[in-house]
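Asks: The listed protein sequences derive, respectively, from chains A and B. Following the numbering used here, the numbering of the first sequence begins with 16 at its first residue and continues without gaps. Following the numbering used here, the numbering of the second sequence begins with 16 at its first residue and continues without gaps.
Do not rely on the hints blindly, as some may be mistaken.
Copies of one chain are not kept apart here, so a pair can be met inside one copy or by any two copies together.
Said to hold, decoys possible - Taking lysine to aspartate or glutamate pairs in the EDC-like style, the calculated list, with each CA pair at most 16 Å apart, reads:
#1 K75 with E171
#2 K210 with D231
#3 K75 with E298
#4 K193 with E104
#5 K313 with D231
#6 K70 with E110
#7 K295 with D165
#8 K70 with D151
None of these hints come from the bench; they were simulated from the model.
For reference, the chains in residue letters:
Number of protein chains: 2
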Amino acid sequence: MSEKLLVIGSVAYDCIETPDDSADFILGGSASYAALAASYFAPTIISAVVGNDFKESDIKRLTARSVDISNLQFDSAKPTFFWRGKYHENFNSRETLDVRLNAYEDFKPALDENARNAGFVLLGNISPAVQSAVLDLVREPRFVVLDTMDLWIGTERDDLMKLVRRCDLLIVNDSEAKMLADTSNIIVAGNSLLKLGAESAIVKTGEYGAMLFHKDGFFTIPAYPVASLHDPTGAGDSFAGALAGYLAGCGKTDFASIKLGMLAGAATASMTVESFSCYKLEENGLDEIERRCEYIKKISQIQ
Amino acid sequence: MSEKLLVIGSVAYDCIETPDDSADFILGGSASYAALAASYFAPTIISAVVGNDFKESDIKRLTARSVDISNLQFDSAKPTFFWRGKYHENFNSRETLDVRLNAYEDFKPALDENARNAGFVLLGNISPAVQSAVLDLVREPRFVVLDTMDLWIGTERDDLMKLVRRCDLLIVNDSEAKMLADTSNIIVAGNSLLKLGAESAIVKTGEYGAMLFHKDGFFTIPAYPVASLHDPTGAGDSFAGALAGYLAGCGKTDFASIKLGMLAGAATASMTVESFSCYKLEENGLDEIERRCEYIKKISQIQ
């Protein structure tokens, strides 16, 4: 039975330079990508703050996908969270050229009754302090997914570790897993994540796919093969959003369901990287997600 | 119906230093790993040369696995091919500290009638000149697998490209594929490999597994999860050996059979890296390979 998913994280304007292209002040942020991805699978509520420069047309992009914006706050005194980043040759590395918290400097999360009663929560990538503050407001979350990044592992490790113990599923990428576990072996790293307190952990491996470490077993899924990489920004957020949305959508949290959630995540994330911002994610729709899910099943079928 | 597999490449003595351990003058070389791996699946003939320091006990390791050594040459004037290598912290990089061709300096491949009639050929990693010279001697190979490395792509690219056009299946790792195709996108790189003239190409992605690019489809397989990495030397050779052995063993070369060959390769290679030299590869046996094949099937099963 479908349950509601609460997505928290950042809503941002990004200026992005890739080896072949650039775009200015496009809708970005972990919560934007995650909520739009989740919206294909479950009723999705977004908790975030935007500033005085936020465009009505970008609000409409969320509501067009039926994302519930009742808990999206507006800060009339400051601009929207801003990030300027550059991908170097071959997308091998990413550099943050400028980051301004803006509206997030004074962000005091507040949730309405509907959001406080959400059964599924995705703590999208943002500081552990903000993630904790929102989680505190949720009454009885059935399943909490935590996404994070190397920045917080480096600067707010203690807060992050406390939060991990309150979560059911931790999502990191391969280098973050190795950093957290202080090992170069991805299998050892993944198994170590389970000892941090979450019941299960997913290690994303970019163009190779993702691995699930769970008390009931180990699982790997390949990435959908993308020949036209345009902008990798938001791939991880879209993966987490579609995964959490899938679980909320079927109201299940077991090993088999998380595997199917990863399938939804891999298919959805592959659309995000084919354009700047969430354009392909919004445009391609559920039919294309389902087609990509079938294709991923096919390419991972041994016999 | 089972056919004979001819494996060519190097037989070497290696001195290896890993972050945790070291070993001196252990049996190594692409043909040793590949032939021992292949021997679990098909009648295997090895073509290589060893020197005046080669130990009887190491000959017995090959014959104990029924590898046909009729085409293994002995050079009484020179020592065996020698390689000294060091894996740096976390196995992130490997450095060749010393390499001596020794017996391979004057290696003139010669094959007996039995070897010349082999239906399946694995051109294991060695110079394209030696690989070509051996392939010239095989009468009517049904299926030729070519394994190579960055060294030859860098130094003997033209010879290598000529050889690729005579082969059915090219095997490289991810960085070599990107180098050959001059792109950072692994999907674009893999598809480009098909344009070089081989009917199919496998891109190995280390701890993540391998991808097959084939005219009949695309396929990915995860690596068997190894928590106790001891020495990665020979993993690629073992993968290629088991794969080629599997195909010769069933006498098939279609897309579905190559997929199953990759399964055999992934399972077998995972044993190689759990010890120095081929010790675990020899010791664990077919039962363990089959167990690992089943496990890989299980962890890649989405539904």
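Asks: All hints are to be evaluated individually against the structure, with a verdict given for each.
Replies: Each hint tested on the structure:
1. K75 with E171: neither (34 Å within a copy, 57 Å between copies)
2. K210 with D231: For K210 and D231, the Cα distance is within 16 Å only inside one copy (14 Å; across copies 43 Å).
3. K75 with E298: Within one copy, since 14 Å is at most 16 Å while 64 Å is not.
4. K193 with E104: between (25 Å within a copy, 13 Å between copies)
5. K313 with D231: between (24 Å within a copy, 12 Å between copies)
6. K70 with E110: neither (26 Å within a copy, 54 Å between copies)
7. K295 with D165: Answer is neither: 27 Å inside a copy and 37 Å across each miss the 16 Å cutoff.
8. K70 with D151: Intra 30 Å, inter 69 Å, cutoff 16 Å: neither.
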